[in-house]
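Peer 1: Kindly produce the complete structure, drawing on both the sequences and the hints.
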Amino acid sequence: MSINLSDLPAEDKYRVELDKQASYLVWKVKHSQGSEFDISEQRSKLKTEQHVLWFDESVSKYRQMMNLG
Numbered sequence: 001m002s003i004n005l006s007d008l009p010a011e012d013k014y015r016v017e018l019d020k021q022a023s024y025l026v027w028k029v030k031h032s033q034g035s036e037f038d039i040s041e042q043r044s045k046l047k048t049e050q051h052v053l054w055f056d057e058s059v060s061k062y063r064q065m066m067n068l069g
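According to full-length UniProt numbering, the residues represented by the sequence shown are 1 to 69, in order.
Source of the hints: derived by calculation from the structure; they are not laboratory data. Hints should not be assumed to be uniformly reliable.
Stated by the list, open to error - Subject to a maximum C-alpha distance of 20 angstroms in a straight line, what follows is the list of computed SDA-like cross-link-like pairs (lysine to any residue):
(1) 61 to 16
(2) 13 to 56
(3) 61 to 24
(4) 20 to 47
(5) 28 to 63
(6) 13 to 45
(7) 20 to 32
(8) 20 to 60
(9) 45 to 60
(10) 47 to 57
(11) 61 to 12
(12) 20 to 63
(13) 61 to 36
(14) 28 to 44
(15) 20 to 30
(16) 20 to 67
(17) 20 to 65
(18) 20 to 56
(19) 30 to 41
(20) 61 to 42
(21) 20 to 10
(22) 28 to 43
(23) 28 to 17
(24) 20 to 58
(25) 13 to 2
(26) 61 to 39
(27) 20 to 61
(28) 20 to 66
(29) 28 to 41
(30) 13 to 42
(31) 20 to 45
(32) 13 to 62
(33) 20 to 35
(34) 13 to 47
(35) 45 to 57
Unchecked claim - The following label-pair restraints were derived from C-beta to C-beta distances:
(36) 7 to 32: 31 to 39 angstroms
(37) 9 to 52: 13 to 21 angstroms
(38) 5 to 56: 20 to 28 angstroms
(39) 11 to 44: 16 to 24 angstroms
(40) 1 to 69: 33 to 41 angstroms
C-beta atoms are modelled at their ideal positions from N, C-alpha and C, and glycine is treated no differently.
Peer 2: Right, dumping it as structure tokens:
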């Protein structure tokens, strides 16, 4: 079964985007190409509490996956 992301509602698409951003930012920190400041800066740009929550959950998930504590 395949899932077409373009068929998702706008909020779900944005949640996927936030997850991608979190993954990339944590990857950059792990490989010394970014810093915690980059994550904090991206977080501060989010407009709603729900978006901040989603982003924080994703950052935590990827930190754990990449063994960054």
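Peer 1: Would you mind marking each hint as holding or not holding in the structure?
Peer 2: Now the hints, each set against the structure:
Taking the CA atoms of residue 61 and residue 16, the gap is about 14 angstroms. The hint holds against a cut of 20 angstroms. Between residue 13 and residue 56, the direct Cα distance comes to roughly 17 angstroms. Compliance with the 20 angstroms bound is thereby established for this hinted pair. Restraint check: the Cα-Cα separation between residue 61 and residue 24 comes to about 12 angstroms, which is no more than 20 angstroms; the hinted pair holds. This hinted pair checks out: residue 20 and residue 47 have alpha carbons roughly 17 angstroms apart, not beyond 20 angstroms.
Under the criterion of a C-alpha separation no larger than 20 angstroms, the hint pairing residue 28 with residue 63 is consistent with the structure, at around 11 angstroms. With a C-alpha separation of about 17 angstroms, the suggested pairing of residue 13 with residue 45 holds against the 20 angstroms cut-off. Taken as a hint, the residue 20 and residue 32 pair is honoured in the structure, with Cα atoms around 18 angstroms apart against an allowance of 20 angstroms. Distance restraint check for residue 20 and residue 60: the Cα-Cα separation of roughly 13 angstroms lies within the 20 angstroms cut-off, and the hinted pair is therefore satisfied.
Between residue 45 and residue 60 the CA atoms are separated by roughly 18 angstroms; this keeps the pair inside 20 angstroms, and the hint holds. Straight-line distance between C-alpha atoms of residue 47 and residue 57 comes to about 16 angstroms, which keeps the hinted pair within the 20 angstroms bound. Between residue 61 and residue 12, the direct Cα distance comes to roughly 18 angstroms. Compliance with the 20 angstroms bound is thereby established for this hinted pair. Only pairs whose Cα atoms come within 20 angstroms are accepted, and residue 20 paired with residue 63 is accepted, the gap being roughly 13 angstroms.
Simply put, residue 61 and residue 36 have alpha-carbon atoms about 15 angstroms apart, close enough for the 20 angstroms limit, and the pair holds. The suggested pairing of residue 28 with residue 44 holds, with an alpha-carbon distance near 18 angstroms, which does not exceed 20 angstroms. Between residue 20 and residue 30, the direct Cα distance comes to roughly 15 angstroms. Compliance with the 20 angstroms bound is thereby established for this hinted pair. At roughly 18 angstroms between alpha-carbon atoms, residue 20 and residue 67 fall within 20 angstroms of each other, so this suggested pair holds.
Restraint check: the Cα-Cα separation between residue 20 and residue 65 comes to about 14 angstroms, which is no more than 20 angstroms; the hinted pair holds. For the given pair, residue 20 sits about 12 angstroms from residue 56 by alpha-carbon distance, which is consistent with the 20 angstroms threshold. For the given pair, residue 30 sits about 17 angstroms from residue 41 by alpha-carbon distance, which is consistent with the 20 angstroms threshold. Of the pairs offered as hints, the one joining residue 61 and residue 42 holds, with about 16 angstroms between alpha carbons and a cut-off of 20 angstroms not exceeded.
This hinted pair checks out: residue 20 and residue 10 have alpha carbons roughly 15 angstroms apart, not beyond 20 angstroms. At most 20 angstroms may separate the alpha-carbon atoms for a hinted pair to count; residue 28 and residue 43 meet this at roughly 15 angstroms. With a C-alpha separation of about 17 angstroms, the suggested pair residue 28 and residue 17 falls inside the 20 angstroms cut-off, and the hint holds. Between residue 20 and residue 58 the CA atoms are separated by roughly 9 angstroms; this keeps the pair inside 20 angstroms, and the hint holds.
Taking the CA atoms of residue 13 and residue 2, the gap is near 16 angstroms; set against the 20 angstroms cutoff, the hint holds. With a CA separation close to 14 angstroms, the supplied pair residue 61 and residue 39 stays within the 20 angstroms bound. The straight-line distance between the Cα atoms of residue 20 and residue 61 is roughly 12 angstroms, inside the 20 angstroms bound, and the hint therefore holds. A distance of roughly 14 angstroms separates the Cα atoms of residue 20 and residue 66; the hinted pair therefore holds under the 20 angstroms criterion.
This hinted pair checks out: residue 28 and residue 41 have alpha carbons roughly 14 angstroms apart, not beyond 20 angstroms. Taking the CA atoms of residue 13 and residue 42, the gap is near 17 angstroms; set against the 20 angstroms cutoff, the hint holds. Taking the CA atoms of residue 20 and residue 45, the gap is about 15 angstroms. The hint holds against a cut of 20 angstroms. Distance hint between residue 13 and residue 62 is fulfilled; the C-alpha atoms sit about 19 angstroms from each other, no more than 20 angstroms.
Taking the CA atoms of residue 20 and residue 35, the gap is near 17 angstroms; set against the 20 angstroms cutoff, the hint holds. For the proposed pair residue 13 and residue 47, the alpha carbon gap of about 15 angstroms is at most 20 angstroms, so the pair holds. Among the hinted pairs, residue 45 with residue 57 is consistent with the structure: their alpha-carbon atoms are about 16 angstroms apart, no more than 20 angstroms. In this structure the hint that residue 7 and residue 32 lie 31 to 39 angstroms apart at CB holds, the actual value being about 38 angstroms.
Between residue 9 and residue 52 the CB atoms are about 20 angstroms apart, so this pair conforms to the stated range of 13 to 21 angstroms. Under the hint 20 to 28 angstroms, the C-beta atoms of residue 5 and residue 56, about 22 angstroms apart, fit the expected range. Take residue 11 and residue 44: their Cβ atoms lie about 20 angstroms apart, and the range 16 to 24 angstroms holds. Between residue 1 and residue 69 the C-beta distance comes to about 36 angstroms, which sits within the given range of 33 to 41 angstroms.
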